[in-house]
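*Asks:* Chain by chain, the residues:
There are 2 protein chains.
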Amino acid sequence: MTNYFSSNFTLGILGGGQLGKMLLYETRKYDIRTLVLDPSAEAPCRISCDEFVQGDLMNFETVVNFGRKADVLTFEIEGVNIEALEQLEQEGKKVFPSSKTLRHIQNKGVQKDFYQSHDIPTAAYQKYPSKKAFLEGLQKGEISLPLVWKSTQGGYDGKGVSVVRTTETAENLPETPCIAETLIPFKNELAVIVARNPSGEVKTYPVVEMEFHPEANQVEYVICPARIENSVAEKARKVAEKVSEAYEHVGLLAVEMFQTHEDEILVNEVAPRPHNSGHYSIEGAYTNQFEQHLRAILDLPLGATESKVGGVMVNLVGEEGFTGEVVYENITAILQLKGVTPHIYGKKITRPFRKMGHVTIVNANLAEARKIAEEVKKTIRVISK
Amino acid sequence: MTNYFSSNFTLGILGGGQLGKMLLYETRKYDIRTLVLDPSAEAPCRISCDEFVQGDLMNFETVVNFGRKADVLTFEIEGVNIEALEQLEQEGKKVFPSSKTLRHIQNKGVQKDFYQSHDIPTAAYQKYPSKKAFLEGLQKGEISLPLVWKSTQGGYDGKGVSVVRTTETAENLPETPCIAETLIPFKNELAVIVARNPSGEVKTYPVVEMEFHPEANQVEYVICPARIENSVAEKARKVAEKVSEAYEHVGLLAVEMFQTHEDEILVNEVAPRPHNSGHYSIEGAYTNQFEQHLRAILDLPLGATESKVGGVMVNLVGEEGFTGEVVYENITAILQLKGVTPHIYGKKITRPFRKMGHVTIVNANLAEARKIAEEVKKTIRVISK
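Line by line, the protein sequences are chains A and P.
Each residue of the first sequence is one higher than the one before, starting from 1 at the first, in the working numbering.
Each residue of the second sequence is one higher than the one before, starting from 1 at the first, in the working numbering.
One thing to keep in mind: the hints can contain errors.
A pair holds if it fits inside one copy or across any two, identical chains being indistinguishable in the list.
[To be verified] Below, simulated DSBU-like cross-link-like pairs (lysine-lysine); rule was C-alpha separation at most 35 Å, straight line:
{"id": "1", "residue 1": "Lys378", "residue 2": "Lys187"}
{"id": "2", "residue 1": "Lys94", "residue 2": "Lys385"}
{"id": "3", "residue 1": "Lys187", "residue 2": "Lys238"}
{"id": "4", "residue 1": "Lys338", "residue 2": "Lys242"}
{"id": "5", "residue 1": "Lys94", "residue 2": "Lys338"}
{"id": "6", "residue 1": "Lys94", "residue 2": "Lys377"}
{"id": "7", "residue 1": "Lys100", "residue 2": "Lys338"}
{"id": "8", "residue 1": "Lys235", "residue 2": "Lys355"}
{"id": "9", "residue 1": "Lys371", "residue 2": "Lys338"}
{"id": "10", "residue 1": "Lys348", "residue 2": "Lys238"}
{"id": "11", "residue 1": "Lys187", "residue 2": "Lys94"}
{"id": "12", "residue 1": "Lys355", "residue 2": "Lys69"}
{"id": "13", "residue 1": "Lys131", "residue 2": "Lys338"}
{"id": "14", "residue 1": "Lys100", "residue 2": "Lys69"}
{"id": "15", "residue 1": "Lys355", "residue 2": "Lys338"}
Hints listed in this document are in silico derivations from the structure and should not be mistaken for laboratory results.
Put together the whole structure using the sequences plus the hints.
*Replies:* In structure tokens, the structure reads:
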């Protein structure tokens, strides 16, 4: 058994954003040596790791050279050079999640095919190699409006995804390989995080609910536990476990799902890493998702996933109309509310809709947490000087 | 109102040990810029701060020059040059806790005089400028055996404190100014952490209990909440608040107390900073003590102090007979137990009784947490290679 704690063992992390930053709290807690690779010198991870390397995550040489310096390699973003991970694996390096898992996820067309071939319930879809093929398919009636269009590569934070209701919108989409999915009218959008270690130990977190703004059609709150029937929650956890088994991933797998009006569970998409829908766990769960990811990739026993108290998470995104040096207006006011913890990611520049931080609200009474979350949402503003 | 978050505002921290390290998790979470001063290049704080300065905390010039680079200055250890803090205050620098608070605490004789002059219940004592004077006082019957002897300066982690039961022990004590206290036979040793900000907002944490090993007379577990009657807990919180008011401190004040067999509360000693007795709060409390210290010294609203679940803390100290590169034996085994979080401070070398880390056990059922803590204590060993 490797001695990870206060030793020369080294964990390499590809990506130096907020997910990496929150993972570093845990490597510090366990005193595990870390290297981080990120293209930006201003990355939130630039401090707290033992060594920061500036470089391109999509460059084969850069990733291979970086990975050779680590004992175990993980990533906090899917946009990394897979061939480099494969090369490192061939050299005997441990990469968790593996290049194989990532290959089944990184491209959204491949991801959908994977669900289909593994009997995982998901919305009907068509794959198209180009915009032209997509428009032709639409005209031929292979898929009908309204639909959800997704770029197969590089989508992140809602980029590369569009709800298409008219032919005009379809014609204005970017030129890229894509998938077109049947638009599912859903009762709830749910998520379950599954942890799995190389020894095959598996644990699922409670089902969380993404509550949408009634008009803006944007996730406003992530709520744990989801306010749904137990039978639906059990079904969602079972589906998530099935997805986890199919991928045989190591580390975390965040499984986003729709609960239809008929209480069917359909898998929307997955991410093989700590996830926005699990941020509540830092304050809410017995074992937070970042510590859990670390336990999983190091083949340590997984921690308890249940909640200590109810949790609601609010994303702090840059307000429209503001670009420049960030100011968190009224942050003092929200600190007066019970059970409120702000997490500021450390990005100096705000832009409209940029994820700048999040706020967690915990309370033994979930309804009370939800009420306070609304107050937080109404009060704090991410603007520029 | 100063903009602390993702700005150029700079917090200076005197001392780079484990308390500083855990405080840095919070400055990272709030994205507050930090400088740390510590004599050791291997200090646990060397990463995670924005700038690490190696230097002597007791050197006037070093501390003044360091402090001038910060907007607010705090410390994680009492052994710092007070004259330098006074100089910085005169130059208009904010120092929290203030030099005045520290002056009333750093010297244990002054600390005891302070309790007496502020009507704070404490064990009877005598002060002596030298070992010779102490032995004469003992002979004259000013104070009688058994007694607790304390060096007035520099005591830390049980150093500089002795229970004296025989004249022979007294004669073998080191040559130093000291105090001699009546030995209090107590039912429980309790502690309360009080937070106070410059605006005068005050919050107390629940009473914790230090459970002693029945034979070794060493604190084995810190338990929150203390398993005592409500009336005693209320009394202890009231006494702690009174101490806090007397000091008019800014930041945290950890108040250690004895509960006598007659349920009297006597103050033993105080520390003006995050404290070992508050480590459970990282996992157990709505607002952990380190975030609370930060909120207090920055004059932000204080967070809720109540517990989410019961918590028990076990110190990880170096085992007798082992000196050298540290190994945490059986750490994997304790990770299998529910609600267990290890905190490894990052010291590479273990020595007998050196504080190397701590383990927190949380559980909705405190008795269950206490049982698991015993399992942790029996299982993990801090040894050398």
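*Asks:* So, for every hint listed, does it hold in this structure?
*Replies:* Okay, the hints, checked on the actual structure:
Taking the shortest Cα distances, Lys378 and Lys187 sit within 35 Å of each other inside one copy (25 Å), while across copies they are farther apart (50 Å). Taking the shortest Cα distances, Lys94 and Lys385 sit within 35 Å of each other only across copies (25 Å), while inside one copy they are farther apart (45 Å). Taking the closest pair of Cα atoms, Lys187 and Lys238 come within 35 Å of each other only inside a single copy of the chain (19 Å); across copies the shortest separation is 51 Å, beyond that limit. Taking identical chains as interchangeable, the C-alpha atoms of Lys338 and Lys242 lie at most 35 Å apart only when they sit on different chains, with a minimum of 25 Å there against 38 Å within one chain.
Only between protomers do Lys94 and Lys338 lie at most 35 Å apart by alpha-carbon distance; the minimum there is 28 Å, versus 43 Å within a single protomer. Within a single copy, Lys94 and Lys377 get their C-alpha atoms only as close as 42 Å, which misses the 35 Å cut-off; across copies the closest is 32 Å, which meets it. In this homomeric assembly, Lys100 and Lys338 come within 35 Å of each other (Cα to Cα) only across copies, at 32 Å, whereas the closest approach inside a single copy is 44 Å. Taking the shortest Cα distances, Lys235 and Lys355 sit within 35 Å of each other inside one copy (31 Å), while across copies they are farther apart (46 Å).
Both within a single protomer and between protomers do Lys371 and Lys338 lie at most 35 Å apart by alpha-carbon distance, with minima of 11 Å and 31 Å respectively. Within a single copy, Lys348 and Lys238 get their C-alpha atoms no closer than 41 Å, and across copies no closer than 44 Å, so neither meets the 35 Å cut-off. When the C-alpha separation of Lys187 and Lys94 is checked against a cutoff of 35 Å, the pair qualifies neither within a copy, at 41 Å, nor between copies, at 53 Å. In this assembly of identical chains, Lys355 and Lys69 lie within 35 Å of each other by CA distance both inside one copy and across copies; the values are 31 Å within and 31 Å between.
For a Cα distance limit of 35 Å, the shortest separation of Lys131 from Lys338 qualifies neither inside one copy, at 50 Å, nor across copies, at 52 Å. Proximity of Lys100 and Lys69 under a CA criterion of 35 Å is satisfied intra-copy only: 21 Å inside one chain copy versus 50 Å between copies. Within a single copy, Lys355 and Lys338 get their C-alpha atoms as close as 24 Å, and across copies as close as 33 Å, so both meet the 35 Å cut-off.
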